[in-house]
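There are 2 protein chains.
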Amino acid sequence: MDKGVTRISSRELSDKMGLTASQIRQDLNCFGGFGQQGYGYSVEGLYLKIGQILGLENSYKAILIGAGNLGKAVAVHMSFEKKGFSLVGIFDNDPAKIGSEIRDLKVCSMDELELFCSENHVDVAVFCVPKTATKHIAERLYKLGVKNYWNFSHYDLSLDYDDIIVENVHMNDSLMILCYRISNKEPEK
Amino acid sequence: MDKGVTRISSRELSDKMGLTASQIRQDLNCFGGFGQQGYGYSVEGLYLKIGQILGLENSYKAILIGAGNLGKAVAVHMSFEKKGFSLVGIFDNDPAKIGSEIRDLKVCSMDELELFCSENHVDVAVFCVPKTATKHIAERLYKLGVKNYWNFSHYDLSLDYDDIIVENVHMNDSLMILCYRISNKEPEK
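Going line by line, the protein sequences match chains A and B. Here my numbering is used: the first residue of the first sequence is 1394, the next is one more, and so on. Here my numbering is used: the first residue of the second sequence is 1394, the next is one more, and so on.
Each hint can be trusted.
Since the list can't tell identical chains apart, any single copy or any two copies may satisfy a pair.
Pairs of lysine-lysine, DSS-like flavour, derived with a Cα cap of 30 Å:
{"#": "1", "residue 1": "Lys1409", "residue 2": "Lys1536"}
{"#": "2", "residue 1": "Lys1528", "residue 2": "Lys1409"}
{"#": "3", "residue 1": "Lys1540", "residue 2": "Lys1524"}
{"#": "4", "residue 1": "Lys1454", "residue 2": "Lys1578"}
{"#": "5", "residue 1": "Lys1540", "residue 2": "Lys1499"}
No lab work stands behind these hints, which were simulated from the structure alone.
All chains should be built: construct the whole structure from the sequences, respecting the hints.
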């Protein structure tokens, strides 16, 4: 779409994506047919429909827990708004960080978490805190009704609750997978 | 091991890991039997052997490309040494960052990349740069013989080369998966 392409075939998509054309057609067919045989897909139509399937038109309210390097990187780099979220609060327990500004948001004290969640509907918490802190903070958030988590910590939240939605970004695991693949010389499939 | 446990059964492991005991036994059996029926696994033995399988005793030399918030977070938070790597260089093209110190390493100019790689054997490059910069930098590194990448950028390196090893950390994808799961109320399996 950025390049002004308006129609694209599954074959052209397959070159760009490293999948077979048939895989792409099958996957898209799971959500209803988006293309016309012989005419390919409307690029804008595909963009909008995939966005709808993902739910990107939502604006789930997210708070960030932890304003260290990682939290700051997540707050600054991620375009939450384009991904179905809006970042509405940032919390930390470090006095040196509380009151500083990241992305037009003032970093709040962890002590203000309960008040904030009672005054604002919060859908999602983003965990950028050390493993040891995660369990306790998740307990507080769960009690406040926040049950969706984007989890960068190394604590496995899904072990404690079965009615939550957790999406993990486990960078340690990723690094060990890389180590395994280098050690076993296993190139990208 | 941290808790002083010396032996553990697949059942006890399954409670901690959210997998069935039989899955755990089957997975470990793929690498040879580590346990004794009725006696469980030696915790230290398992720790060492899994580390060996992953190749964590290696010390692959890694350089970090990009010393922004994300790069800094990766450099500071990741215990490369425990994961089979050692971080030996950090590069950026921002004059404000060049010369600053992160984790006892001075941030070098991107101009020094060729010289550094000729003087030091580099196994892995960690990409913490914007999508637009990745392709060009990968070309330079590939020419220098660096063919393993830990990729935080949103550029799909595997499309350009088929003899490289890439491990992606695609945080945008992860956030969209979370959006999809919240929109479709799909809890953790």
